[in-house]
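One-letter residues, chain by chain:
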Amino acid sequence: MKAAVIVFPGSNRERDMARALKQAVGTPPAMVWHAETALPAGTDLVVLPGGFSYGDYLRCGAIAALSPIMSAVSEHAKRGGLVLGVCNGFQILCEARLLPGVLVRNAGVGFLCKPVHLRVETSASPFTRGYRRGERITVPIAHGEGNWVADSETVAKVEDRGLVAFRYCDERGRVSPGTSPNGATNEIAGLFNAKKNVLGLMPHPENAIEPAHGSTDGFGLFLSMAGALADA
Amino acid sequence: MIPNDTIITPEIVASHGLKPDEYDRLLALLGRTPTMTELGITSAMWNEHCSYKSSRVHLKTLPTKGPRVIHGPGENAGVVDIGDGMAVVFKMESHNHPSYIEPYQGAATGVGGILRDVFTMGARPIACLNALRFGAPEHPKTRRLVAGVVAGIAGYGNAFGVPTVGGEVNFHSAYDGNCLVNAMAVGIARTNAIFTSEATGVGRPIVYLGSKTGRDGIHGATMASDVFSEGSDEKRPTVQVGDPFAEKLLLEACLELMATGAVIAIQDMGAAGLTCSAVEMGAKGGLGVQLDLEKVPTREPGMTPYEIMLSESQERMLMVLDPAKEAVARDVFIKWGLDFAVVGHTTDTGRFVISMHGDVYADMPIQELGDQSPLYNRPWVASVKRPTLAADSIKPPCGTLEALQRLMATPDLASRRWVWEHYDHVIGGDTVQLPGGDAAIVRIEGGAKALAMTTDVTPRYCFADPFEGGKQAVAEAWRNLSSVGALPIALTDNLNFGSPERPEIMGQFVGCVRGIGEAARVLDFPVVSGNVSLYNENKVTGNAILPTPAIGGVGLIEDWRKTASVAFKASGHAILLIGGEGSHLGASIYLRELLMREDGAPPPVDLTVEKRNGDAVRHLIGSGLVKACHDVSDGGLLVAVAEMALAGGIGAKLKAEPKGVPAHAWFFGEDQARYVLAVAKDDLETVMARLRDAGTPVQQIGETAGRTLTISRHGSISLGDLLKSHEGWFPAFMNAAN
Amino acid sequence: MRARVVVTLKAGVLDPQGKAIEGALSGLGFSGVDGVRQGKVFDLVTRHTDPTKAKAEIGAMCERLLANTVIESYTIEIMG
Amino acid sequence: MRARVVVTLKAGVLDPQGKAIEGALSGLGFSGVDGVRQGKVFDLVTRHTDPTKAKAEIGAMCERLLANTVIESYTIEIMG
Ligand SMILES: Nc1ncnc2c1ncn2[C@@H]1O[C@H](COP(=O)(O)OP(=O)(O)O)[C@@H](O)[C@H]1O
Ligand SMILES: [Mg+2]
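Chains A, B, C and D, in that order, are what the protein sequence lines are.
When we follow this note's numbering, the leftmost residue of the first sequence carries the number 1, and every step to the right adds one.
When we follow this note's numbering, the leftmost residue of the second sequence carries the number 1001, and every step to the right adds one.
When we follow this note's numbering, the leftmost residue of the third sequence carries the number 2001, and every step to the right adds one.
When we follow this note's numbering, the leftmost residue of the fourth sequence carries the number 3001, and every step to the right adds one.
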């Protein structure tokens, strides 16, 4: 797997992400500065890491979405290449219109850092094939603006086509209004594009990959991607 | 001769916070009347915040050396060797006054400032902590201050990308008019790549890097040393706004630049901005400095030399670069999109010369500006000793378990989860012990080695007996580090007091510093950095804060897998009490919260016993014999056990108090040098034998069991009920209508 | 030439901040408030001297950056 | 009765957001922009029917909550 992690001014979880990728495939990813216009040759996975690109000023991800490298990321996605956006990366993907909707301020307004439970909604994707459908996993969140909203048509489309990757759930894997920590529509924590080669999610799987983190549940995502790319 | 535009009147001198005799010193130093710019520079350099004029004589008594200490006080942050070519770099600093005026920005820029101190030395920050003190919860200002300060710390630290892993929050009416915001940052550097502010070489370029200079915080350093009054509203426009995004870029640019070898000296612009940083660079290197202010990037047109020299705009650095590497440096600055400019050069004149468009606005001797700053040995009186309270003279107001449940929901003992869930404490992937325990643990770059860190002080003890309180603050930090299995290696302090011009306050300061020094010496726990914040009082009410010498402790862990946490891990483990029996209720939480009394002597601290008990506990943890560990502090034994039970979701069966010991003294006494351990039954004999060999008192007080906390003869309480009380207070307080 | 852009949430889009402020206002005893929506304002200085051209360019800025038209709408006012 | 409150940073106070937006705009090729300052707008519905009273109450809200008068100033407009 040849992975590239895009570094924007203000990204701050790129090292966490690089560590997880390296742990999953043995080789470290390429770190690509946002001002580049092309991805390293042979890149098959692009990751937009968490952080506060451009300080989250204006709107989270809005300024980063206009970075030079983003055209190359779009092209990569159009070709069917894998793109993962976590937290700020998810926000950037929405602002770049590679994913529908937008992430707004948490319902409780404040920043929240804590472990949350997620229900895996499908194992039929290169990102989640290592999980069982309906499986409950525990990974931390750390965001102030993770409340996913979209117009009702978009929400319906996302649901009808099974594009929800993860939903916030309770300890026993049940999803109900209120199991999301941030007020996200339909408790959506992670979302695919129509072709399921682009995934955005608010929680941080890269911070749940070893016993020291108190959970290793996030590692499945990295193993899934590595497996999917090895099979491809 | 310098054109002197403004006539310096006694009023102007006074408005700069200079006393008449201090102004005379300046006249003597210059041999003429100062210009306005020179007066401004001097007032910034000689105020309490920068010159430590009231505290220096006492700070000198602190132990600052040790085999691991690379840089003690005097640099931007302390530097301590942790082996393998690595060093830990850390310091704590106050932002009390700005935070009271504008809580969000005040706290945010406090975090920004201390982070800069750490990365200026070449370290990458790996953790932040904070020690916060607010007025009584029922005071009308408290809630907004808490909300603003917590949001500001979160807003800055989270965006910058450093985990905020620990700290403390207390409430007391003595802080009603003056909250305390002390921020600590910890970083990691290679021992062979530590940077300091000492400039070397004549004719080298002085480079300005970072955000543009605005009119922010002009006179901020003077404000920080000013007593609060109703009139402090007028000082409001001086509030600085933090830009964590700019700071993050500054961090990455500085570290990248340092790696190129281009940096000869570097100094952040903190209090008194360009003035302090430039003077320090020159003075340390025995050089002169020439600054050409028209080259300084400014945010607003028409800024005067006075304003540029005193601005406290944030996120700025000053450095001396190797001229041969200027081009390399330029590329780094451009990559990170930061403003930079060559604003002057080093000279061999020993003078501090400030010009703008060719006109000279200041020309002062640089060395003397620092060395000749006023130094006071202010009069002080010792605090009156309080009598020790005999436990049986105190009538319990309620039963033991009711007392516990009430205490667990009091402002000072309730869970701080509401606070730390606002902080990103997992970023970096190296936080292996989260907030909520005795000390946070952060691994070093994913390896086995880790650092433990904590902040501690018990102001009610310091008020009751400054010397014992100072000792206790250090002892508690040391104990918290030992409780997780770390070897305490060094500390930083943040000494928050009222006005040093009041002898009784100065007495508190002197007592606490002596206590800190004594404890640091006995516990091999040197002071490597620190900060003093004086004049923390409200002019209107005349109330000073409680003496609050916050201690930030750092401990070293060779293998983070050999550590302990407070949480009970399983039923059927033996619960041991290490150290003496509870006896002491003077100045305790029990007395204050349940009997509304704040009297009595605080618990005495026997440092030899501390050391013996702590060393024994640390060795047990290192041998893998401890399932859970917690020190006994605020609230005493039963509160410690309850916290362990709640953290693990596992209850306990405890024996009743021994014959002849009053129940409230046994369960709620705050006697020092004590720990509670959970130990597997199979290891019990080994553990007891080891402790006996170490000469450490130990007794089994019960065992872990079920989902309730049960005490023989006293009854039982479900963990669910206890959890509700413990977790409930903070969210309820913050969500209540103003 | 100075211009002011006001960006507000479209009707129907939830506004957690507005709601929180409404709650805080009623907590402070301001009982007569029946709804708060929070938006953004940008005060720009542009080098254009022709108001029509200025407005057109600022409109383009809004579409590309200043507003997220998925949830926000904007108005532009030339202040002279 | 509807009212609009506009809260802006006082002159001279650093505006990191405005700075970042200005940079982004010029990166997008909008070269004619000479400064951006970001502020907040609050659209309120109040039960008052007398504009003077409404304005007075909203002024009090600004002082206590909506604006941080240490660094911000505000204007109130009654929209009817
Ligand atoms: N209470 C103290 N104990 C030990 N060292 C102190 C104390 N107060 C200040 N120092 C040291 O004095 C120096 C100056 O402190 P300070 O003015 O806060 O630094 P800076 O200007 O870098 O923020 C630092 O090296 C600091 O560590
Ligand atoms: Mg410093």
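Because the hints were derived from the structure by calculation, they are not lab data.
Take these hints with a grain of salt, some might be off.
Claimed, not checked - Derived lysine-lysine pairs resembling DSS-like cross-links, with alpha carbons at most 30 angstroms apart:
(1) K1611(B) / K1655(B)
(2) K3010(D) / K1295(B)
(3) K1212(B) / K3053(D)
(4) K1724(B) / K2019(C)
(5) K1141(B) / K3010(D)
(6) K3040(D) / K1141(B)
(7) K1335(B) / K2(A)
(8) K157(A) / K22(A)
(9) K3040(D) / K2019(C)
(10) K2055(C) / K3053(D)
(11) K1141(B) / K3055(D)
(12) K1019(B) / K1060(B)
(13) K3040(D) / K2040(C)
(14) K114(A) / K1335(B)
(15) K3053(D) / K2053(C)
(16) K2010(C) / K157(A)
(17) K3055(D) / K2053(C)
(18) K22(A) / K196(A)
(19) K2010(C) / K3040(D)
(20) K1395(B) / K1653(B)
(21) K3010(D) / K2010(C)
(22) K3040(D) / K2055(C)
(23) K22(A) / K1562(B)
(24) K1395(B) / K1060(B)
(25) K2053(C) / K114(A)
(26) K1562(B) / K114(A)
(27) K22(A) / K1335(B)
(28) K157(A) / K2019(C)
(29) K1141(B) / K3053(D)
(30) K2019(C) / K3053(D)
(31) K114(A) / K1569(B)
(32) K1539(B) / K3010(D)
(33) K3040(D) / K2053(C)
(34) K2053(C) / K3010(D)
(35) K1141(B) / K2019(C)
Each hint, compared with the structure:
no.: 1; hint: K1611(B) / K1655(B); result: holds, 28 angstroms
no.: 2; hint: K3010(D) / K1295(B); result: holds, 26 angstroms
no.: 3; hint: K1212(B) / K3053(D); result: violated, 43 angstroms
no.: 4; hint: K1724(B) / K2019(C); result: holds, 27 angstroms
no.: 5; hint: K1141(B) / K3010(D); result: holds, 24 angstroms
no.: 6; hint: K3040(D) / K1141(B); result: holds, 24 angstroms
no.: 7; hint: K1335(B) / K2(A); result: holds, 25 angstroms
no.: 8; hint: K157(A) / K22(A); result: violated, 35 angstroms
no.: 9; hint: K3040(D) / K2019(C); result: holds, 15 angstroms
no.: 10; hint: K2055(C) / K3053(D); result: violated, 36 angstroms
no.: 11; hint: K1141(B) / K3055(D); result: holds, 25 angstroms
no.: 12; hint: K1019(B) / K1060(B); result: holds, 24 angstroms
no.: 13; hint: K3040(D) / K2040(C); result: holds, 4 angstroms
no.: 14; hint: K114(A) / K1335(B); result: violated, 34 angstroms
no.: 15; hint: K3053(D) / K2053(C); result: violated, 40 angstroms
no.: 16; hint: K2010(C) / K157(A); result: holds, 20 angstroms
no.: 17; hint: K3055(D) / K2053(C); result: violated, 35 angstroms
no.: 18; hint: K22(A) / K196(A); result: holds, 23 angstroms
no.: 19; hint: K2010(C) / K3040(D); result: holds, 16 angstroms
no.: 20; hint: K1395(B) / K1653(B); result: holds, 25 angstroms
no.: 21; hint: K3010(D) / K2010(C); result: holds, 28 angstroms
no.: 22; hint: K3040(D) / K2055(C); result: holds, 21 angstroms
no.: 23; hint: K22(A) / K1562(B); result: holds, 26 angstroms
no.: 24; hint: K1395(B) / K1060(B); result: violated, 45 angstroms
no.: 25; hint: K2053(C) / K114(A); result: violated, 49 angstroms
no.: 26; hint: K1562(B) / K114(A); result: holds, 25 angstroms
no.: 27; hint: K22(A) / K1335(B); result: holds, 26 angstroms
no.: 28; hint: K157(A) / K2019(C); result: holds, 28 angstroms
no.: 29; hint: K1141(B) / K3053(D); result: holds, 27 angstroms
no.: 30; hint: K2019(C) / K3053(D); result: holds, 23 angstroms
no.: 31; hint: K114(A) / K1569(B); result: holds, 21 angstroms
no.: 32; hint: K1539(B) / K3010(D); result: holds, 28 angstroms
no.: 33; hint: K3040(D) / K2053(C); result: holds, 26 angstroms
no.: 34; hint: K2053(C) / K3010(D); result: holds, 29 angstroms
no.: 35; hint: K1141(B) / K2019(C); result: holds, 22 angstroms
Comparing the model with each earlier hint shows violations of hints 3, 8, 10, 14, 15, 17, 24, 25; every other hint is respected.
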